[in-house]
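Both chains are given apart, each in its own frame, so use the hints to dock them into the complex.
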Amino acid sequence: MIADTLRMVRLGLKSLLLHKLRSTLTTAGILFGVASVIAMLAVGEGASAETLKQYRDMGVTNVLLRSKKPEETQQSSSNSMMSILGYGLFYQEADRIQNLLPYATVVRTREFQRGLVHGENWASTMIVGTEVPFLTVTNMQVHEGRWLTELDLQRMSNVCVLGSSLARALFPLESPIGQTVLVGIEDRFEIVGILEYQGRAASPNGTTLDECAFIPLSSSRRRFGDTIRNPSTNRYENIELHEIKVKLGSMEEVEGTAGVLEHMMRPAHASKKDYEITVPLELLRKAEATQRMFNLVLAVIASISLLVGGIGIMNVMLATVTERTREIGIRRALGAKKKHIVQQFLVEAGVLSALGGVAGVGLGVLVPFGIEKWFNQPTSIQPQHVLLAFGISALVGVVFGIYPAWRAANMDPVEALRHE
Amino acid sequence: MVVKAPAAPSAAATETVAPVSTDALPIIAEFVDVHRHYVMGKDNVVRALNGVSMQVKKGDYLAIMGRSGSGKSTMLNILGALDRPTSGEYRVGGRDVSKLDDDDLSDVRGREIGFIFQSFNLIPQLTVLENLEVPLFYQGRVGPESRKKAEYLADRVGLGRRLEHKPMELSGGQQQRVAIARALMNDPLFLLADEATGNLDSNTEKEILDLFDDLRKDAVTIVIVTHNPKVAERADNTLWLRDGKVDRLVDNRLASSAAGDGGHP
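If you're matching them up, the sequences are chains H and Z in order. If you're matching positions, the first sequence starts at 1 in the working numbering and goes up one per residue. If you're matching positions, the second sequence starts at 1 in the working numbering and goes up one per residue.
So here's chain Z without its partners, still in its complex pose (with noise of 0.2 Å):
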């Protein structure tokens, strides 16, 4: 019932790492028994979680996967703390911010949570450099030390010396990294990725994975919510939903994708 997920980070991420006890890695995110439901019409409630339990582990790299209607969607607005549970914990850095207000919420989303959209969403009137300092602007932090910090993102990212273009003269593969860079600017706990690479060509897609596997190095956890199996194998676990509940999870670094448990309630 419990997702384990290894991976400590290793020296070469790409390659297979061999499951390790991981008991003593901090649990970053964890649902507890999570349902969502929307209450459409007098005896209308559609049950999009449904009792839905899983952890994500400090230096995971975990796909969510799951056909459409299957909760995903729902899912990823409550890790992302864009959404409450109907009931249920959910636990970021292990506190419960399922009962949490609108302020609180945001300032959860502000520091734990790292962002990375399908479209990439930058503010297009924005340059790169500014577009990266919008996280620490609300959280009063902007001055000389995020420029630092945005030039050295940036470079890690592979953007380079773009910090005052804007979006619009940037590749679409340059955007999402520049949205890459944006999510790690406060640090955060995890990565949340959501479709990350559905608006781009697959040479692109294969960077940005790249990418993601290289940013394992320094021991960032990744969750990337997708309906692309190609992108799901890149992970080290994929967590299947399916009617609102965990299907499965698959340790794709076995070499025979068996079923594992599914996580039911």
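The shape of chain H in the complex, shown without the other chains (with noise of 0.2 Å):
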């Protein structure tokens, strides 16, 4: 059996080598088709691998609380050098949601730009004032030293922990533990802590997790109180607390929370927009929606190259049953029934889509490193892709081969014998 149809594939190829520009042709329609099937794709796959990475970072069973600046109406910005902006959430709505889920980590956070200083390395910053939690419901790790303790919030120690890059920025050369940074103009603060590296996209206040020094929350109010001066527009703003990240049990319980946190919210918060909730599982099964679609849409142009290959295929069968018509008179004499014929054409047919797919794949995969070469547009080859687009290749030969084979099948032995 196996014998005969490595035989088979085997004379196959030798009649397709009677006429080798002809196949070549035929092959590269394939070829390029199931190409551009797997470029196409793998553009398509990096494209929103990125997008998908940072949703998938914020955490899939977190809902995200964030303070946000209200529109400033006219008669606010009026008196804006005198008056102090107040918005945003409250310490004590955090103490309300934790009372609501008892289950859930409740974290809080404040955020505020200072510049850093060691010895002449200087960095301006985002300061983030949070809790122990913080590590666990980020997912980050420490990479030496410790993490923030609750005896440290408890004694509103002045501790930091810096991210990767911000530590590498200030110490260059020596390890930070156990050394001091300046924080603004008077507070110091003993590195205790240095995070693992994480490549994250920046988080919604511009700045990455490997940029920003973590300290106590209760010690970030102590020292730096809870009215910042916004730089840009030179005025001073009153907020508590930045974010309340929540982190629920499951993905089950995600929809449902956030839509119980609106409704409570919603009373404090009426008169300005100065919040705002993001499920960050929600955007995934958005974004992962317009990928499939996307994904779809690729697929079904690269489709059509191959279906244009498929029709290659098929008229280059039409041509060789014709031509060897004479051929098939013969075998059917020597005993061959209609079924050995519809093999032996389909065979043809499907080891000339093989072979461009087989050197579709190839030329597929390495379009994708080209691309990320010399455009620098993240591209990911899925292995299932690569399936994919040579199970369509082998399909369409073997789809658009049914019908010359049928017709080399069904004529008539005398008629095929006399053929010239």
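Any given hint might turn out to be false.
What the hints assert, rightly or not - In silico EDC-like cross-links for lysine to aspartate or glutamate, where the CA-CA straight-line distance does not exceed 16 Å:
#1 H:68 to H:262
#2 H:339 to Z:33
#3 H:339 to Z:187
#4 H:338 to Z:103
#5 H:337 to Z:102
#6 H:337 to Z:107
#7 H:338 to Z:104
#8 H:338 to Z:187
#9 H:338 to Z:214
What the hints assert, rightly or not - Derived, one-sided and incomplete: chain Z residues facing chain H with beta-carbon distance under 7 Å:
#10 83
#11 115
#12 125
To be verified - Covered, in the sense of this in silico footprint (three residues per stretch, anywhere, with C-beta under 8 Å from a C-beta of chain H), are these stretches of chain Z:
#13 32-44
#14 231-237
Everything labelled a hint here was simulated from the structure, so no lab data went into it. None of these values were measured; they are calculated from a predicted model. By construction, the Cβ of each residue, glycine as well, lies at the ideal position given by its N, Cα and C atoms.
Pasting the structure below:
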């Protein structure tokens, strides 16, 4: 059985080699079809992979509440210099959320921009005042030293943990652990830990986690207060919390909880839209849906080129069948049944498209590398896409080979033998 | 009416053999009142074969002759199981094959009949060996055995060791030898030759006809359809067709080629 199949493939190849140029050109049709399917899907996948990763990094079981500066009205900006703009989330609200969801992990954060100085090195960055569970909720790891502790928060200690990029900027040579940095102009903080490099996209405050310095939330409130000067508008803003992260037990709870929180928060923030709820899971699902749609469109477009390749195969096989009418007659006279003739020509069509498929996979894998190298566009080749493209090409060969093979098999043997 | 065909394979087939009683020899192929009509249009039916009865027995060497339009080609097609009679029976090895479907008919061609064509009809892209293996392939019998058999038969028909050549690299006579070997690969009941020497010069023609005589030593049965009297007279008997009927059967081995009984239905 296998020997017979191999024999058919070998003899099919021989027949295809009768017309090398014709067979090569037909194969090229499939080759480009397969290559374009793989390349297009790889580009599409690469483009969305970053977005999807960003949402996944935000935590699929998290619900994020974030303070947002309300749209300024005419009246409020008129006496801007004098008044302090107050908005955002309150400590009290975080407590209420925790009471409402006793099994959820609620993490409060406060962010403000300050310069950090160590010796001759200086960096202006985001200082994040936060609590102990922040590390697990954001799914980060400590590279060296330790993370903030409950004791640090109780004591309002002047300790800080640096993101990995920040640590390298301030301490290019020595280990930062145990050293101190000057935060702002008068507060010295002892560095107790360095975080693992994350490489994630920038958070809504415009800074990546790798560039932040983390201090106890209580210390932040005590040393720096709730009022900050917005450097761009030169105006004072009063804000208690920038973000409340709520980590839930499972993905199933996310949607319902988000609705409940929305409902709970609405009365206090009804007058001004000064906060927003972000559900990473929802964003992830939306992005995935968009991605699927995008992939589908790409695949359809690319499949059209495979279709064109398939029509090429059909064309060539029809020509082959006509040319080899006599051979068909001979084979029928020597005992070939219709099914044998069908098999023979299907194998030839299959070999044509499979050769194109293999070469197409090769080219389709190379092209994304080129795109990544020269156009700096991220790409991602998924094995299932390669299989899909190859499978479609094999299918195309068989489907478009059926009709010519059927024509060959249904020739009258007497007529076929007489054919010149 | 019944064609009596002597031919126990004699030691020297080229010599004239006296007719012997052959009733005991098995009938290999038999026509019983075979008609083949082609409907060309309303009220226009061509009766290519119009009631032909004949027998071929094991070891026979029969030539079928007739002018064009006599039904020769139609008879060849039915003998070769490429076509079915409109009515009547065609028996191969005792089995009526006139009602078989396409697949079974293919099997009859593959197992019982060895075709030899005027234009050799080798498959050009295949080597000699591969051409020889084609009939066995459709019986699912290609393997080391078939190679041995191909080597043996190539030797038997005087091809020597040219199994890896392509047909185009061989002379016409050699190609026809390959075709003969191919026809013998499946141990058919009989060889069916269609103008087997029509494309060959007279020397080569003689060589091929000598080969046929030689093959009869192995009790090979041969039916040759031809319009060439020189070819026909090498056979034991000649069956003359005329207007779709058997006109007469001539025993070529009798010195005077007197006309035998025409087989009329």
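Going through the hints against the structure:
1. H:68 to H:262: At roughly 15 Å apart (the allowed maximum being 16 Å), residue 262 of chain H and residue 68 of chain H satisfy the hint.
2. H:339 to Z:33: Since the Cα atoms of residue 339 of chain H and residue 33 of chain Z sit roughly 32 Å apart, the hinted pair is violated (cutoff 16 Å).
3. H:339 to Z:187: 23 Å, violated
4. H:338 to Z:103: 7 Å, holds
5. H:337 to Z:102: Holds, at roughly 7 Å.
6. H:337 to Z:107: 8 Å, holds
7. H:338 to Z:104: Within the cut-off at roughly 11 Å; holds.
8. H:338 to Z:187: Measuring from Cα to Cα gives roughly 23 Å; hence the hint is violated.
9. H:338 to Z:214: 35 Å, violated
10. 83: 6 Å, holds
11. 115: Hint on residue 115 of chain Z: holds, closest Cβ of chain H at ~5 Å, below 7 Å.
12. 125: Holds. Min distance 5 Å.
13. 32-44: violated (count 0)
14. 231-237: Since three or more residues must qualify, the claim that chain H covers the region 231-237 of chain Z is violated, with 0 doing so at under 8 Å.
The structure shown violates the earlier hints numbered 2, 3, 8, 9, 13 and 14.
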